[in-house]
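For reference, the chains in residue letters:
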Amino acid sequence: MHAKQSAAPGAHKYQAVRAYLVGLVERELHVGDAIPSERALCERFGVSRMTVRQAVDALVGEGVLVREQGRGTFVAPQRMDFEMRLTTFGEEMRRRGMRPETRVLGMGTVPATADAADALGTEPGAPLHHLRRVRYADGSPMSIEQHWVSVGLVPGLLADGPPPSMHDALRAVGLDPSWGEETLTAAEATDEEAALLDLRGTRAVLRATRRTFSADTPAMYSNACYRGDRYSVWVPLSAPAPALVPRLRDGDERLDERAAVGATLEDGRTG
Amino acid sequence: MSARGTGQAEAILAGLGGVGNIDEIEPCTTRLRSLVKEPSRVDAAALRAAGAFGVMVSGRVVQVVIGPSVDTLASDLEDLM
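Top line first, the protein sequences correspond to chains A and B. Under our numbering, the first residue of the first sequence is numbered 1, with each subsequent residue one higher. Under our numbering, the first residue of the second sequence is numbered 1, with each subsequent residue one higher.
These aren't lab readings, by the way, just hints derived from the structure by calculation. Remember, predicted model here, so these are calculated numbers, not experimental data. It is possible that part of the hints are untrue.
Result set (SDA-like, lysine to any residue): computed pairs, CA atoms no more than 25 Å apart in a straight line [what the hints assert, rightly or not]:
hint: 1; chain 1: B; residue 1: Lys-37; chain 2: A; residue 2: Val-154
hint: 2; chain 1: B; residue 1: Lys-37; chain 2: B; residue 2: Gly-51
hint: 3; chain 1: B; residue 1: Lys-37; chain 2: B; residue 2: Ser-58
hint: 4; chain 1: B; residue 1: Lys-37; chain 2: B; residue 2: Glu-78
hint: 5; chain 1: B; residue 1: Lys-37; chain 2: B; residue 2: Gln-8
hint: 6; chain 1: B; residue 1: Lys-37; chain 2: B; residue 2: Met-81
hint: 7; chain 1: B; residue 1: Lys-37; chain 2: B; residue 2: Ala-11
hint: 8; chain 1: B; residue 1: Lys-37; chain 2: B; residue 2: Ser-75
hint: 9; chain 1: B; residue 1: Lys-37; chain 2: B; residue 2: Arg-60
hint: 10; chain 1: B; residue 1: Lys-37; chain 2: B; residue 2: Val-55
hint: 11; chain 1: B; residue 1: Lys-37; chain 2: B; residue 2: Ala-49
hint: 12; chain 1: B; residue 1: Lys-37; chain 2: B; residue 2: Glu-10
hint: 13; chain 1: B; residue 1: Lys-37; chain 2: B; residue 2: Arg-48
hint: 14; chain 1: B; residue 1: Lys-37; chain 2: A; residue 2: Ala-243
hint: 15; chain 1: B; residue 1: Lys-37; chain 2: A; residue 2: Pro-246
hint: 16; chain 1: B; residue 1: Lys-37; chain 2: A; residue 2: Arg-247
hint: 17; chain 1: B; residue 1: Lys-37; chain 2: B; residue 2: Thr-6
hint: 18; chain 1: B; residue 1: Lys-37; chain 2: B; residue 2: Asp-71
hint: 19; chain 1: B; residue 1: Lys-37; chain 2: B; residue 2: Asp-23
hint: 20; chain 1: B; residue 1: Lys-37; chain 2: A; residue 2: Pro-240
hint: 21; chain 1: B; residue 1: Lys-37; chain 2: A; residue 2: Leu-244
hint: 22; chain 1: B; residue 1: Lys-37; chain 2: B; residue 2: Val-57
hint: 23; chain 1: B; residue 1: Lys-37; chain 2: A; residue 2: Ala-241
hint: 24; chain 1: B; residue 1: Lys-37; chain 2: A; residue 2: Val-245
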């Protein structure tokens, strides 16, 4: 029961083809299914091959469809929405009903770089455990992760081989991860990363640098390289708390915090 | 969460150059983002000694990494300001 589209001007024809394909992807087709041929779409909408290609190209660009040379155009795997939470890759995958897998690329003890030392509160050059892994979801490579933990903090972390879960390994020594900070940066994959992640089209990746704390202890420093064609980051937003502004007026610049306490008492409050 | 109490708020304020050096302090989820009058009066080592996990200075903006206890710290700071 599709409305006849042939009378619509070019832009509307393009929109009609696009809306039809999006509807197919959302309601009828599954990941990996082929979309109708260009010829079938041209006939259905009474449009030129160029208009059909324009609509398909746009959806390929958005990651809804994926084109495979010589084979056709298919429904692309869905992007994963990641809320920035203090969870591990394995926890996130299992929550999605996917099977997480790991390939260890390297494990050992390394001297702390300036960045790692700053993040972990150690001296530069102090020994750090280092673990580098590729993480897979249902058999597809999704990210490359590296973790650094101070040897002084958790001497036996890697004694039994690479831990299946870094968070579990930290919990086992009483360092339950409780909060952290992560910085995300868009980048292009290096040749090595592109090969490890099996990137064929885009080389866009998302780099995440994380500090994981257990209460007041900086427990782990990590970075991850997520493939840009399979990840979206979901960030809950809330209005900022009101800024704190000094009640003191000009001419009070020389007041120190002791004087500020006086001002507080004047206000009738206690510390 | 924080056992540091108001002493920490006083020490953080002193590390930022005293209340007279503050234009405003915005509490974020894990950080205090402060706008100061004179960045040279900010003492990063003192802020770290007061329990900050990091101090980033960019122009007049000073970010102090505190952690989830930033909420209680902010209300202590409000009392001191």
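Practice problem: Would you mind confirming whether the straight-line C-alpha gap from Lys-37(B) to Arg-48(B) stays at or under 25 Å? | Solution: At roughly 20 Å apart (the allowed maximum being 25 Å), Arg-48(B) and Lys-37(B) satisfy the hint.
Quiz prompt | Restraint status (C-alpha distance of Lys-37(B) to Val-154(A) at most 25 Å) | solution = violated, 42 Å
Quiz item: Keeping to a limit of 25 Å between CA atoms, is the pair of Lys-37(B) and Arg-247(A) held or broken?
Solution: holds, 15 Å
Quiz item: If you draw a straight line from the CA of Lys-37(B) to the CA of Thr-6(B), is it 25 Å or shorter?
Solution: Holds, at about 23 Å.
Quiz item: Is Lys-37(B) within 25 Å of Ala-241(A), Cα to Cα?
Solution: Holds. Lys-37(B) to Ala-241(A) sits at ~21 Å (cutoff 25 Å).
Quiz item: When you check the alpha-carbon spacing of Lys-37(B) and Gly-51(B), does it fall within 25 Å?
Solution: Cα-Cα ~23 Å, so holds.
Quiz item: Taken at face value, is the distance from the CA of Leu-244(A) to the CA of Lys-37(B) at most 25 Å?
Solution: The given pair, whose Cα atoms are some 15 Å apart, holds under the 25 Å limit.
Exercise. Quickly compare the C-alpha distance for Lys-37(B) and Met-81(B) to 25 Å and report which way the hint goes.
Key: holds, 15 Å
Quiz item: Is Lys-37(B) close enough to Ser-58(B), meaning Cα to Cα at most 25 Å?
Solution: At roughly 13 Å apart (the allowed maximum being 25 Å), Ser-58(B) and Lys-37(B) satisfy the hint.
Practice problem: Compare the distance between the alpha carbons of Lys-37(B) and Pro-246(A) with 25 Å, and conclude whether the hinted pair is satisfied. | Solution: Holds: Lys-37(B) and Pro-246(A) sit about 12 Å apart, inside 25 Å.
Practice problem: Compare the distance between the alpha carbons of Lys-37(B) and Val-245(A) with 25 Å, and conclude whether the hinted pair is satisfied. | Solution: holds, 12 Å
Quiz item: Is the hinted pair Lys-37(B) and Glu-78(B) satisfied, with a Cα-Cα distance of at most 25 Å?
Solution: Given pair Lys-37(B), Glu-78(B) holds - Cα atoms ~18 Å apart, limit 25 Å.
Hint 1 from the list above is the single one not met by this structure.
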